[in-house]
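Chains A and B supply the protein sequences, listed in that same order. Numbering-wise (my numbering), the first sequence opens with residue 1 and increments by one. Numbering-wise (my numbering), the second sequence opens with residue 282 and increments by one.
Honestly, the hints are just simulated from the structure, not real lab data. A hint or two may mislead.
As the list claims (entries may be wrong) - With the Cβ distance kept under 8 Å, some of the chain B side facing chain A (calculated, not the full set):
1. S291
2. R363
3. L366
4. V368
5. F380
6. R384
7. Y390
8. C394
9. P457
10. V458
11. L544
Claimed, not checked - Below, computed lysine to any residue pairings styled on SDA-like, alpha-carbon distance capped at 25 Å:
12. B/K415 <-> A/L23
13. B/K427 <-> A/G5
14. B/K515 <-> B/E505
15. B/K549 <-> A/R27
16. B/K427 <-> A/T93
17. B/K415 <-> A/R27
18. B/K415 <-> A/E90
19. B/K471 <-> B/E488
20. B/K415 <-> A/I281
21. B/K471 <-> A/L189
22. B/K515 <-> A/V252
23. B/K549 <-> A/L37
Just so you know, even glycine gets a beta-carbon here, dropped at the ideal spot from N, CA and C.
Here's the letter readout for the chains.
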Amino acid sequence: MSAPGTVSFSLRRIGVIAELTVLEAVRQRLFGVLLVLAAGMIAGAQLLREFNFGSSELKFITDFGFGAVTLFGTILAVVTAAQLFFAEIENRTALTLLAKPVFRAEFVLGKFAGVAAVLALFVGVTTGVLVAVLWMREQSLMASVPEAFERGRLVQYGSVVAFGALQWLKFSVIAALTLVIAGFANTNLYSVVISFLVVLICHLQYLAHESWRRMASGVGRTAAMLLAAVFPNFQMFNVGDRVAAGQAIDPVVLGGSAAYGALYLAVFLALAVYVFRRREI
Amino acid sequence: MSAVPPPAISVEGLTKDFLLSVRGYRVRAVDDLTLQVPAGQVFGLLGPNGSGKSTTIKVVLGLIEPTLGRTAIFGVRSAEVRSRLNVGYLPENPNFHRFLSGRELVTFYARVCGVDRARLRDRVDEVIEWVGLKDAASRRLSTYSKGMLQRIGLAQAVVHDPRLLILDEPTAGVDPVGSAEIGELILRLKAQGKTVVLSSHLLAQVEDLCDRIAILNRGRLVLEGGVDDLVTEKGRDALIVRGLDASALGDLRGWLDGRGAELVAVEKPRTTLDRIFREHVAERMQAADAPTAPGPGTEGRPR
Numbered sequence: 001m002s003a004p005g006t007v008s009f010s011l012r013r014i015g016v017i018a019e020l021t022v023l024e025a026v027r028q029r030l031f032g033v034l035l036v037l038a039a040g041m042i043a044g045a046q047l048l049r050e051f052n053f054g055s056s057e058l059k060f061i062t063d064f065g066f067g068a069v070t071l072f073g074t075i076l077a078v079v080t081a082a083q084l085f086f087a088e089i090e091n092r093t094a095l096t097l098l099a100k101p102v103f104r105a106e107f108v109l110g111k112f113a114g115v116a117a118v119l120a121l122f123v124g125v126t127t128g129v130l131v132a133v134l135w136m137r138e139q140s141l142m143a144s145v146p147e148a149f150e151r152g153r154l155v156q157y158g159s160v161v162a163f164g165a166l167q168w169l170k171f172s173v174i175a176a177l178t179l180v181i182a183g184f185a186n187t188n189l190y191s192v193v194i195s196f197l198v199v200l201i202c203h204l205q206y207l208a209h210e211s212w213r214r215m216a217s218g219v220g221r222t223a224a225m226l227l228a229a230v231f232p233n234f235q236m237f238n239v240g241d242r243v244a245a246g247q248a249i250d251p252v253v254l255g256g257s258a259a260y261g262a263l264y265l266a267v268f269l270a271l272a273v274y275v276f277r278r279r280e281i
Numbered sequence: 282m283s284a285v286p287p288p289a290i291s292v293e294g295l296t297k298d299f300l301l302s303v304r305g306y307r308v309r310a311v312d313d314l315t316l317q318v319p320a321g322q323v324f325g326l327l328g329p330n331g332s333g334k335s336t337t338i339k340v341v342l343g344l345i346e347p348t349l350g351r352t353a354i355f356g357v358r359s360a361e362v363r364s365r366l367n368v369g370y371l372p373e374n375p376n377f378h379r380f381l382s383g384r385e386l387v388t389f390y391a392r393v394c395g396v397d398r399a400r401l402r403d404r405v406d407e408v409i410e411w412v413g414l415k416d417a418a419s420r421r422l423s424t425y426s427k428g429m430l431q432r433i434g435l436a437q438a439v440v441h442d443p444r445l446l447i448l449d450e451p452t453a454g455v456d457p458v459g460s461a462e463i464g465e466l467i468l469r470l471k472a473q474g475k476t477v478v479l480s481s482h483l484l485a486q487v488e489d490l491c492d493r494i495a496i497l498n499r500g501r502l503v504l505e506g507g508v509d510d511l512v513t514e515k516g517r518d519a520l521i522v523r524g525l526d527a528s529a530l531g532d533l534r535g536w537l538d539g540r541g542a543e544l545v546a547v548e549k550p551r552t553t554l555d556r557i558f559r560e561h562v563a564e565r566m567q568a569a570d571a572p573t574a575p576g577p578g579t580e581g582r583p584r
């Protein structure tokens, strides 16, 4: 607790700002629409009966579910982070808040924590629906084609949940990245468009990484190396193929990906705070 | 010997330039401004649009950095977050989180300002009632009128009981009745010993409410002083007389001439349109708000 007449950096204030951010996101239609769409797509995967090819159907449902989580989660991360942060500046609600004894870092971290909580809710619900759908379908397949399950269940449920956790981390990195961009952007549209472009670059970053490793020397190698260092490699979070194939995620791989994501998260958040502290509102 | 308490706000040599383009074009919003706001007074900050009032307020609140000069609140530099411990701020044309209800908004700001959890609810209800929004407290802000938004803005500004209130155009776009109500609230704050900085274009209201004023033009201070000193015409006196006929007026004129004084003008005292509007509209609004006779099926009072 601060001494009278002093103000210390406060996790409590970050929590209050995060709570408001969650409330705003939940009361906006976009979150509900994306959540219902994603959950509906995952739940509807088992209704695609013409794709019924026995136990392989579980792989299809898993792939389909992972695709829905990734697609809608990415949209939610970019749009929600840009909207909830930039709207505070555009609508000048940040003026009233920052005229209180609030550090700008608390404002940025509060906004991020709120968006991360919204993303956790999204990933939690959609992964939960996916696990439920897989479980029900596997139960019915175990009854109809028991010989396919002689060596036990085919779905690695723990790995499905681990996939969800890794995606949440990836979405959080995307949200932090969007906050950096929104910190110096002049319009919300600019924040959203540039953020999606950067997300695309992050998905293709492994190409720069491979080029850098293959190049002997020179400017091209330096440029590729810088590109590979600045943008996170989102392929690090891409463990869906292994999980869909019924393989467990190696805990070392899981831990490495989590540490990689946490590092980029910390860097982007520090950058977002730095950019916003310099911004005149 | 006791130390002199610092002024509520001190501005020393403040200059603020805004960069207009990457080529380095700048516009000077505030130009070498120096002024002090004494504690416990209502201080009017006046000036035309673009005169630098809002920019000065933003620098004082630490929302933007000065190009040159220093500002402080109760002796604490504006750059320090703790300078805002004792400040409530109502921005110009306030835009709050429209998805919140009035009570949720005030509760949010109370929590941000660290109002004790044990008295949070009571304090929020207290300030909502103080601004006269008790019946609308549960409604979303998106349904509030402009005057209601200004009043809920005032509630969030005072919820942590600050010593200094900075109100930027608190009556902009508000009808005369709402404007008078906000004026009443400002006077009540003054009675509580608060310092109020009021930026406004409504000069009549500023004259009624403020102890001191500063007039800015093109970012420079052009006039500062006590309202009474500034508006009182020196060397003249006004007599308001009832029942004076033409012959008595002639006698009075001669009597004044005999004493070396001159009767400069004889005119009827005038009221203001603002006062007439408020009296008539407020009366009708009060009549409309008064309880009506109970309808069928309700428990009636004896008539």
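Can the restraint linking B/K515 and A/V252 be considered satisfied, given a maximum Cα separation of 25 Å?
violated, 87 Å
Take the C-alpha atoms of B/K471 and B/E488, compute the straight-line distance between them, and say whether it is at most 25 Å.
Measuring from Cα to Cα gives roughly 15 Å; hence the hint holds.
Is B/K427 close enough to A/G5, meaning Cα to Cα at most 25 Å?
violated, 35 Å
Is it true that the CA of B/K549 sits at most 25 Å from the CA of A/L37?
violated, 74 Å
CA of B/K415 to CA of A/I281, is that 25 Å or under?
violated, 32 Å
Let's test the interface hint: is any C-beta of chain A closer than 8 Å to that of B/Y390?
holds, 7 Å
Does B/P457 pass the interface hint, meaning its C-beta sits closer than 8 Å to a C-beta of chain A?
violated, 26 Å
Evaluation of the interface hint that places B/V368 against chain A, nearest CB under 8 Å
holds, 7 Å
Taking the closest Cβ pair, is B/R363 under 8 Å from chain A?
holds, 4 Å
25 Å Cα cutoff - pair B/K415, A/R27:
holds, 24 Å
Can B/S291 be said to touch chain A, with a Cβ gap under 8 Å?
Violated: closest Cβ of chain A sits about 18 Å from B/S291, beyond 8 Å.
Hey, B/K549 versus A/R27, does the alpha-carbon distance stay inside 25 Å?
violated, 59 Å
Going down the numbered hints, you'll see the structure goes against 1, 6, 9, 10, 11, 13, 15, 18, 20, 21, 22 and 23, while the others check out.
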